[in-house]
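Q: Let the sequences and hints guide you as you build the complete structure.
Chains as they are written, first to last, in the working numbering: chain A, 584 to 893; chain W, 20 to 314.
It should be emphasised that the hints constitute simulated quantities derived from the structure, not laboratory data. Just so you know, these numbers come straight off a predicted model, no measurement behind them. Positions of the beta carbon are idealized from the N, C-alpha and C atoms, including for glycine. Wrong hints could be hidden among the right ones.
[As the list claims (entries may be wrong)] So the derived list for chain A, only partly shown, Cβ under 10 Å to chain W, looks like this:
1. ILE691
2. GLN702
3. GLY824
4. THR863
5. GLY867
6. ILE869
[To be verified] Just so you have them, the derived chain A footprint on chain W, three or more residues with Cβ under 8 Å:
7. 105 to 117
8. 130 to 137
9. 189 to 196
10. 283 to 292
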Amino acid sequence: MFGFSRSQTIAFWIMVAIIVISPFFLYPVFLMRVLCMALFACAFNLMIGYVGLLSFGHAAFFGMGSYITAWTMKFWHLDASLAIVLGGLTGAGLGLVLGYLAIRRSGIYFAMITLALAQMIYFFCLEAPFTHGEDGIQQVPRGVLFGVIDLANDMTMYWLTAAIFIGGFLLIHRIIHSPFGQVLKGIRENEPRATSLGYRTDDYKLIAFVLSCMLAGVAGGTKALVFGIATLTDVNYPMSGEVVLMTLLGGLGTVFGPVMGSVVLMAMENYLAEFGAWVTVTQGVIFIICVLAFRRGIVGEIGNLLKLRL
Amino acid sequence: MFMIFGVPGPLLFGQVLLGLINGAFYAMLSLGLAVIFGMLNIINFAHGALFMMGAFCSWMLLNYVGIGYFPSLILAPLIIGAFGIVLEKTIISRLYKLDHLYGLLLTFGLALVIEGLFRNAYGSSGLPYRIPEILTGATNLGFMYMPNYRGWVVLVAVVVCFSTWAIIEKTTLGATLRAATENAPLVQAFGVNVPRLITLTYGGGVALAAFAGVLAAPIYSVNPNMGTNFINTVFAVVVIGGMGSILGSVITGFALGVIEGLTKVFWPQASATVVFLVMVIVLLTRPRGLFGKTA
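A: Below is the structure:
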């Protein structure tokens, strides 16, 4: 029902198995970070991989989602599910406004416009009182899910994060393989032809952008809940660069690439964290290597080797 | 003290001058981006990092070799321009047959590497660079006091922008360059070494960024993030101006600097976002940019 091919179904169940087993061997908080970033990267991949538009401003949606979830949890004491939904809606609403502006241009202009608009959101967050500026919104309670499940325990929170990730992952897959998704791919391959067939290509691009931003907002909201904090880091442009890198490293336009990219990059950052700016240098080097020699990404290369679409 | 729109005159003119200075940097940087984009079809995300390298280069020349500001103004662009040529020859030239987006991703990676390395070596707190003796002090213009160095920056920036425009629009070299931008294979058929022209264009654009960096060194402290702070705004400037015209990007750069300065007087909170707001308005009314030729 989700349009998986046979090989993708196998890969999907392997991924689910890993998600279920890994918290018993690895630190759950680290894994939750990976899952949040993986969902963020999958959402980003929806735009670059299937519509062919590179957004360099996805941090705006991720960060604003994170702020809204954190704020509603802390000051309105909402149910966790509601706060995350609000984070997603914030991403979607913001995506509607910024997307409406940005889809007027394509290619590198689209990238520059999204970057600039996201920078505007960053400056807004820097000035606006509700974000608490440099301090961010701290000590956000994880609260209670559906009024009964207490999320303070790391393992409980992990299962929620895993469920959100898998839900988002399947949703994206469903979108790509729906008739709507086929039109998106048609637009990516040949926009004038899609127009001549009677599709309002701008509407399709905008809807895809809003969906992508919504999931980015959900990812940001979940991250805020996991770490109990929402800061300017989430909304600033290095975050946009990071999500581009994760997707590029895993494989642009592959189903499992963004997930793989997020695992590798988060693990790397975890080990390099004490070396300060070397993280940035390593990220830059990975960018350069990926573009020069490794454009299919990890999953793309594996798929090419096994002659499978992953 | 006289007042304009309820604001003291000197304050207003002071902010306009600060705006002109920012505008001078926007103009020089977006000019370099436009020239590089014209020839290479690449948006040079590393432009900010190379601007920062220009500032650092002049700082190093002063502190390690003892070479002062004015020689640096020539030497630093040459050194960084040569570095740019090496980058183009070894890395960037491999991308010309690929989608433009790969150029953007690659230069973004280059920027991360360069900035990361400088942050490791010099920290991110910033190093001071003194204004050269002859340009210290201020001049009384009658309606305000103008710090001499700031006047110098605006003057030099205008001269450099105008010279770049003249080289591209009025010389044979510029004509070849413009022809190659339009149709590279045809120009190559006339016996022009187009790959070398591309390399030199990149070197030239980078040298321009480095020159701006040297000018910026005494105004802003020399630090690894100085380029990034500028370049995000410069991208908005490029979108507003459109990359079709050299003079267009210069005018847009200066104009937006002044608008930013004026906003600082009348509505300080919005001064960081006003350039982006202008971009939104331009996108709504004229998506291809004020001076852009094609959509």
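Q: Work down the list of hints and note, for each, if the structure agrees.
A: Against the structure, the hints:
1. Given hint, ILE691/A at the interface with chain W, holds; its Cβ is 5 Å from that chain's nearest Cβ, closer than 10 Å.
2. Contact between GLN702/A and chain W, as hinted, is supported at the beta carbon level, the nearest pair being about 5 Å apart and thus within 10 Å.
3. About 6 Å separates the beta-carbon of GLY824/A from the nearest beta-carbon of chain W, less than 10 Å, and the hint is met.
4. Hint status for THR863/A relative to chain W: holds, with the closest Cβ pair at about 3 Å, below 10 Å.
5. Using the Cβ-Cβ criterion of 10 Å, the hint placing GLY867/A at the interface with chain W is satisfied: the shortest such distance is roughly 3 Å.
6. At about 7 Å, the closest approach between the beta carbon of ILE869/A and any beta carbon in chain W falls short of 10 Å, and the interface hint on this residue holds.
7. Figure legend: the segment 105 to 117 of chain W, annotated as covered by chain A; annotation consistent (4 residues with Cβ-Cβ distances under 8 Å, at least 3 required).
8. Counting residues of the segment 130 to 137 of chain W whose CB lies closer than 8 Å to any CB of chain A gives 7, so the stated coverage by that chain holds, three being the minimum.
9. Here the segment 189 to 196 of chain W counts 0 residues with a CB under 8 Å from a CB of chain A, which misses the bar of 3, and the coverage is violated.
10. Under the rule that three or more residues need a Cβ within less than 8 Å of chain A, the assignment of the segment 283 to 292 of chain W holds, with 3 such residues.
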